[in-house]
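Trainee: Following the hints, position chain S against chain B.
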Amino acid sequence: MTTTGPVGPPEPTSGVLQIPNPLAEGISMARKAPPLAMVIFGASGDLTARKLLPALAALADRHALGRSFTVVGVARTPMDDVEFRKLAARAVEDPSPEWESMVRRFRYVAGDYDHPDTFAALSKVLSEVDQSLGTAGNRLYYMATIPATFADVAGALSRHGLATPVRDGAFCRLVVEKPFGRDQQSAQALDDGLHEAFYEDQIYRIDHYLGKETVQNVLALRFANAIFEPVWNRRYVDHIQVTVSEELGVEHRGGFYETAGALRDIVQNHVMQLIGLTLMEPPGRINAEGIRDEKVKALKAIATPRVREVAGEVVRGQYDAGWVSGSPVVGYREEEGVDPISHTETYVSLRLDVDNWRWAGVPVFVRTGKRLPKRLTEVALVFHRVPHLSFPEELAARLMPNVMVLRIQPDEGITLSFGAKVPGQEFRVASVSMDFTYGASFVEESPDAYERLLLDAMVGDPTLFIRSDEVRESWRIVDPLLEAFGEDHLPLARYAAGSWGPVESDLLLERSGRHWRKL
Amino acid sequence: MPAPVPVVLGEWVGQSVTVDDVINALSSLRYRAERTATRTAVVNLMVAAGDHESAERTASALRRLGAHHPRRTTLIVTEPGPGRSLDASVTLYEAGNETRRVWWEEVTLTVHGAMAEHLDSLMAPLTLPDLLTVVWFPTTPAPHDALVGLADTVLVDARFAGAVDDGQRWTPGPLLELASAVPVIDLSWKRLSPWRRMLAHLFDDPASRPFVSGVSRAEVFARPGPRHLLAGWLCDRLGLTPTTLIQHDAVHASIRLVASVGDRSGRWSVDRPSDEGVVYGRTELDDRPAWVESEALPEHGLTRSLAEAVGDLSHDPIYEAALRCAAELTG
Numbered sequence: 052m053t054t055t056g057p058v059g060p061p062e063p064t065s066g067v068l069q070i071p072n073p074l075a076e077g078i079s080m081a082r083k084a085p086p087l088a089m090v091i092f093g094a095s096g097d098l099t100a101r102k103l104l105p106a107l108a109a110l111a112d113r114h115a116l117g118r119s120f121t122v123v124g125v126a127r128t129p130m131d132d133v134e135f136r137k138l139a140a141r142a143v144e145d146p147s148p149e150w151e152s153m154v155r156r157f158r159y160v161a162g163d164y165d166h167p168d169t170f171a172a173l174s175k176v177l178s179e180v181d182q183s184l185g186t187a188g189n190r191l192y193y194m195a196t197i198p199a200t201f202a203d204v205a206g207a208l209s210r211h212g213l214a215t216p217v218r219d220g221a222f223c224r225l226v227v228e229k230p231f232g233r234d235q236q237s238a239q240a241l242d243d244g245l246h247e248a249f250y251e252d253q254i255y256r257i258d259h260y261l262g263k264e265t266v267q268n269v270l271a272l273r274f275a276n277a278i279f280e281p282v283w284n285r286r287y288v289d290h291i292q293v294t295v296s297e298e299l300g301v302e303h304r305g306g307f308y309e310t311a312g313a314l315r316d317i318v319q320n321h322v323m324q325l326i327g328l329t330l331m332e333p334p335g336r337i338n339a340e341g342i343r344d345e346k347v348k349a350l351k352a353i354a355t356p357r358v359r360e361v362a363g364e365v366v367r368g369q370y371d372a373g374w375v376s377g378s379p380v381v382g383y384r385e386e387e388g389v390d391p392i393s394h395t396e397t398y399v400s401l402r403l404d405v406d407n408w409r410w411a412g413v414p415v416f417v418r419t420g421k422r423l424p425k426r427l428t429e430v431a432l433v434f435h436r437v438p439h440l441s442f443p444e445e446l447a448a449r450l451m452p453n454v455m456v457l458r459i460q461p462d463e464g465i466t467l468s469f470g471a472k473v474p475g476q477e478f479r480v481a482s483v484s485m486d487f488t489y490g491a492s493f494v495e496e497s498p499d500a501y502e503r504l505l506l507d508a509m510v511g512d513p514t515l516f517i518r519s520d521e522v523r524e525s526w527r528i529v530d531p532l533l534e535a536f537g538e539d540h541l542p543l544a545r546y547a548a549g550s551w552g553p554v555e556s557d558l559l560l561e562r563s564g565r566h567w568r569k570l
Numbered sequence: 217m218p219a220p221v222p223v224v225l226g227e228w229v230g231q232s233v234t235v236d237d238v239i240n241a242l243s244s245l246r247y248r249a250e251r252t253a254t255r256t257a258v259v260n261l262m263v264a265a266g267d268h269e270s271a272e273r274t275a276s277a278l279r280r281l282g283a284h285h286p287r288r289t290t291l292i293v294t295e296p297g298p299g300r301s302l303d304a305s306v307t308l309y310e311a312g313n314e315t316r317r318v319w320w321e322e323v324t325l326t327v328h329g330a331m332a333e334h335l336d337s338l339m340a341p342l343t344l345p346d347l348l349t350v351v352w353f354p355t356t357p358a359p360h361d362a363l364v365g366l367a368d369t370v371l372v373d374a375r376f377a378g379a380v381d382d383g384q385r386w387t388p389g390p391l392l393e394l395a396s397a398v399p400v401i402d403l404s405w406k407r408l409s410p411w412r413r414m415l416a417h418l419f420d421d422p423a424s425r426p427f428v429s430g431v432s433r434a435e436v437f438a439r440p441g442p443r444h445l446l447a448g449w450l451c452d453r454l455g456l457t458p459t460t461l462i463q464h465d466a467v468h469a470s471i472r473l474v475a476s477v478g479d480r481s482g483r484w485s486v487d488r489p490s491d492e493g494v495v496y497g498r499t500e501l502d503d504r505p506a507w508v509e510s511e512a513l514p515e516h517g518l519t520r521s522l523a524e525a526v527g528d529l530s531h532d533p534i535y536e537a538a539l540r541c542a543a544e545l546t547g
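Quick note, the sequences are listed as chains B and S, same order.
Those letters in the first sequence? Residues 52 to 570, by the working numbering.
Those letters in the second sequence? Residues 217 to 547, by the working numbering.
Just chain S, same shape as in the assembly:
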């Protein structure tokens, strides 16, 4: 079922305002809405957006999420400079049909000057009680950012969230540091779910299961970040080492495994060969014909990843173990 298209019910914009002004605007928009916009919310979502362009990009993905995960979203844009002031805009959205309607709020704060150093004090009054607070860093996370102190969970994306060392290699340092302070959900990790699920599914087959402990070689293809996560995952789950696990740069993710048991051997692969929205899993065993399975990738990748993330904010020890192994693999 496609997500209902959001409709703007009301908007407010203010310059050099206070947080109280923003809170009053939030209430006022709901009461003034043509139909009373009863709040339903499942989470507080704060987005450390960086600049306005990034804020608009992430807001677009979040709007598609709205009807399924109604929430208060606050996008925070920081602008260094002298002084200390706050500009804000508030938008009330509605989506649904005759029998079912949902409303949610989007607040954009442009924080000038020294106020940006105290985002937690700015955000605390805007959080809805009794709900988890999720802080999303769409680009580089800042483990010591004041917002992290407010977060029950932090959302990141390994593609942007790792550091690059002197040799231009991706390292998971910032992610590991963040994960030691607060539960982390990684959107790249979520997007890799179809690949992980397909590979796990291939080895769920009774014919392949005996080989799962005999993997002797693995190759991982992907962009830095996701590639390191996949490699770290395989390293952790299958006991592979840097000599048995080779990584390659590629636009689309792929996994290739070789395993043997006794005098029998096999090859397994999970590929997305092009821009086609399908992942293919292939099993080749020496003593029988190869077979292929497929899984369609969801549309609206970012929105889907966000929806999965917001729908399940539980701690993921498999991710953390993958991250630690990724750090070991990068030396």
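The shape of chain B in the complex, shown without the other chains:
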């Protein structure tokens, strides 16, 4: 059994573009997508309107999409090309001439995903755009639809000859969004279904966290600096805290959230990716395979939680009514679409242990929840206290262990806290923070995560996408927790909206003499 999935032939290059362009030398030319037709399944849906079309518009404005790029929307909603173009234009506030011009080339196919006529029509449209726009047989299939359809659509593409390139030098890629399954078994079934139609290196599993500047800056921080890597291990780090905090509730997605919960929605994907990047060994090369190989190794080193023992290591909670940012909010069970006696967790905190030389004995504490006091995502490495404090205790009462914080959102940046003398007559020491925020040092704004990832998929760079073995390892860790939740081994603790979660979560750390960072 392969660890990743079947691997296909190498990616193509175009003949004319082998001619050098001397005008481009010395110019910071943004990356550009090759000629291609992007097929969006779920084209009339919310994800397309809120995320994909605005990201494509931004790419168009930056000249990252040429004249030989188009979108073919596919969905059940009855629409024609003209109506779809209007939808696309409306998805962007104040559309630029570039976007308006591009939208006029868009096409649409209405139909059910389980009907062969839909794919026959799609095939015809793709041939037409190859002829009229020069999309060169290149296809990027984007699954902006519900996960239950992924394997069926992939299979239909394959049966209609749309999953393999139409000519030498062309490519076909498939982008899928999370969730990648509901548990280990369904994730494997999904993967098997996708692999029946596509090779693993044609599949791009998107987690938009990986497109964020700070997430990538973890790699720069760790592997471009000689001073951090020597302390990035058990000798110096006491524990790691990963926090993904959301101020919002479930909004109008109560029905969906009831089937997911915090563990599936956040821990299985975003948190596992952050942990992988934090724990991984330095890759030999910063490229797709190098980084993904090391991330998988790091995840493999995380001990599988034991279902019967999770009670001491995991807290699950659900928010009650409370106040957030000065406004009263209802409890989860009163939200639209939520069962009044729901047992879905909106908060999870847990402890993970890592079995390898670098991190043995360094617990990783994770907390994530909805209706917490603020929106914030960070990874904090809390270092050991000094082995011996030479200063009088009363003068060092404010001295905390060193902490390096990687802030993912908001205000992407890095903070290092360290001890310093407090100005004055006494030799009093306290912790101070040194802050590096990207906006303070560079004039370019970070591109939106979706823009970056879409362009990566178009140019064929899989570095920031998730491989099937990463998905598998994430589910290996999370599955026992899901089982414990399902068997009701863990009570569902309550917390008031606007608080930092259940009291039981504090005990998770206090048992080992630690505490959550005050955020």
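Hints are computed from structural coordinates only; laboratory data are not their basis.
Don't take every hint at face value.
To be verified - Far from chain B, some chain S residues (derived; all Cβ distances over 10 Å):
hint: 1; residue: Ser-243
hint: 2; residue: Ala-275
hint: 3; residue: Pro-341
hint: 4; residue: Thr-355
hint: 5; residue: Arg-425
hint: 6; residue: Ser-429
hint: 7; residue: Ser-470
hint: 8; residue: Leu-545
Stated by the list, open to error - Mimicking DMTMM-like on lysine to aspartate or glutamate, the simulated pairs with C-alpha atoms at most 25 Å apart in a straight line are:
hint: 9; chain 1: B; residue 1: Lys-83; chain 2: S; residue 2: Asp-303
hint: 10; chain 1: B; residue 1: Lys-83; chain 2: B; residue 2: Glu-364
hint: 11; chain 1: B; residue 1: Lys-83; chain 2: S; residue 2: Asp-237
hint: 12; chain 1: B; residue 1: Lys-83; chain 2: S; residue 2: Asp-487
hint: 13; chain 1: B; residue 1: Lys-83; chain 2: S; residue 2: Asp-528
hint: 14; chain 1: B; residue 1: Lys-472; chain 2: B; residue 2: Asp-499
What you are looking at is a predicted structure, and each value in this text was computed from that prediction instead of being measured.
Glycine residues also receive a C-beta, built at the ideal position from the N, C-alpha and C atoms.
Mentor: Relative to chain B, chain S alone:
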């Protein structure tokens, strides 16, 4: 995202002072600030401002830069005359929001008399260690200026930095001389980036790429300085000569190229037709309809150019090659 508006946290003014007085003032303002103004700096920037009016103009552009590129800026105004003395003012700025604040310093030195001949000794104590030193000549650069010896990089603007010969023609002599001594970043060159980028982008298209080595004629429109840089760039990149490259005076920059491959030909242009903040690139090939692309020009041109310059202080061999070709074109 608009740049945060800078706020003055503190000011100090002194007449007939010493450099030590200035350094003490810099420290004192930070400690006395209502909130401790921790220094974050990415560069030392010295501006050979010339006169007070020029100093204020450049300072205004630099303040908009402040929050993104915090630094110590020293504006140097020289006043010839007898004697030797120094007047100074120091201003501490802050910009940001509740969660993120940045502080930077602006020092203005008015150097009287003979002290102006030893600016390097005056400036050396004011430079922050471990940071690059950038010397900006907003008008005419002086290749032998003492400040050049302190510089890791010199900022100039070709519009003002070239010499004018007896025939009133712009020549790049001073720039070439400066570039032989120290890395040079030319703000006109930076401002021409959208034109260069657009033209390169037009030829990135597979339909146009085969023509890039068949350019037979080029016309360049712009003011002296930027026009010469564009012409020099095209000459260097495409192998053009004075007979195939024609230059015209104009307020806004434009480039027109004609090329052919076999029996096919095409025309490419990059224009900014008016004061509209957009650059248009147009491709016309004999055997297909013409198409136009556009790129918005950034607002606050000088600030943006400065930000690009300070954000990337690396050596630019394409610029130097363009400068050499510009010299050849001007004969």
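Trainee: Closest CB-CB distance from Ser-243/S to chain B, is it above 10 Å?
Mentor: 13 Å, holds
Trainee: Is it true that the CA of Lys-472/B sits at most 25 Å from the CA of Asp-499/B?
Mentor: Outside the cut-off at roughly 40 Å; violated.
Trainee: Would you assess whether Ser-429/S, listed as outside the interface, keeps its beta-carbon beyond 10 Å of every beta-carbon in chain B?
Mentor: For Ser-429/S, whose nearest Cβ neighbour in chain B is about 8 Å away, the distance does not exceed 10 Å, so it is violated.
Trainee: Please work out if Lys-83/B and Asp-487/S have their alpha carbons no farther apart than 25 Å.
Mentor: 22 Å, holds
Trainee: Would the non-interface assignment of Ala-275/S survive a Cβ cutoff of 10 Å against chain B?
Mentor: The claim holds: Ala-275/S sits with its nearest Cβ about 19 Å from chain B, beyond 10 Å.
Trainee: Quick one, are Lys-83/B and Asp-237/S close enough, alpha carbons at most 25 Å?
Mentor: 54 Å, violated
Trainee: Tell me if the straight-line CA distance from Lys-83/B to Asp-303/S falls inside 25 Å.
Mentor: 53 Å, violated
Trainee: Is the hinted pair Lys-83/B and Asp-528/S satisfied, with a Cα-Cα distance of at most 25 Å?
Mentor: Holds: Lys-83/B and Asp-528/S sit about 22 Å apart, inside 25 Å.
Trainee: Would the non-interface assignment of Thr-355/S survive a Cβ cutoff of 10 Å against chain B?
Mentor: Its Cβ never comes within 10 Å of chain B, the nearest being 24 Å, so this holds.
Trainee: Examine each Cβ of chain B, and state whether all of them lie more than 10 Å from the Cβ of Pro-341/S.
Mentor: Consistent with the label, Pro-341/S stays out of reach of chain B, its closest Cβ about 24 Å off (over 10 Å).
Trainee: Holds or violated: is the Cβ of Ser-470/S farther than 10 Å from all Cβ atoms of chain B?
Mentor: 16 Å, holds
Trainee: Run the C-beta distances from Arg-425/S to all of chain B and say if the shortest one exceeds 10 Å.
Mentor: Arg-425/S not clear of chain B: closest Cβ-Cβ about 5 Å, inside 10 Å.
Taken one by one, the earlier hints fail for this structure at numbers 5, 6, 9, 10, 11, 14, listed in ascending order.
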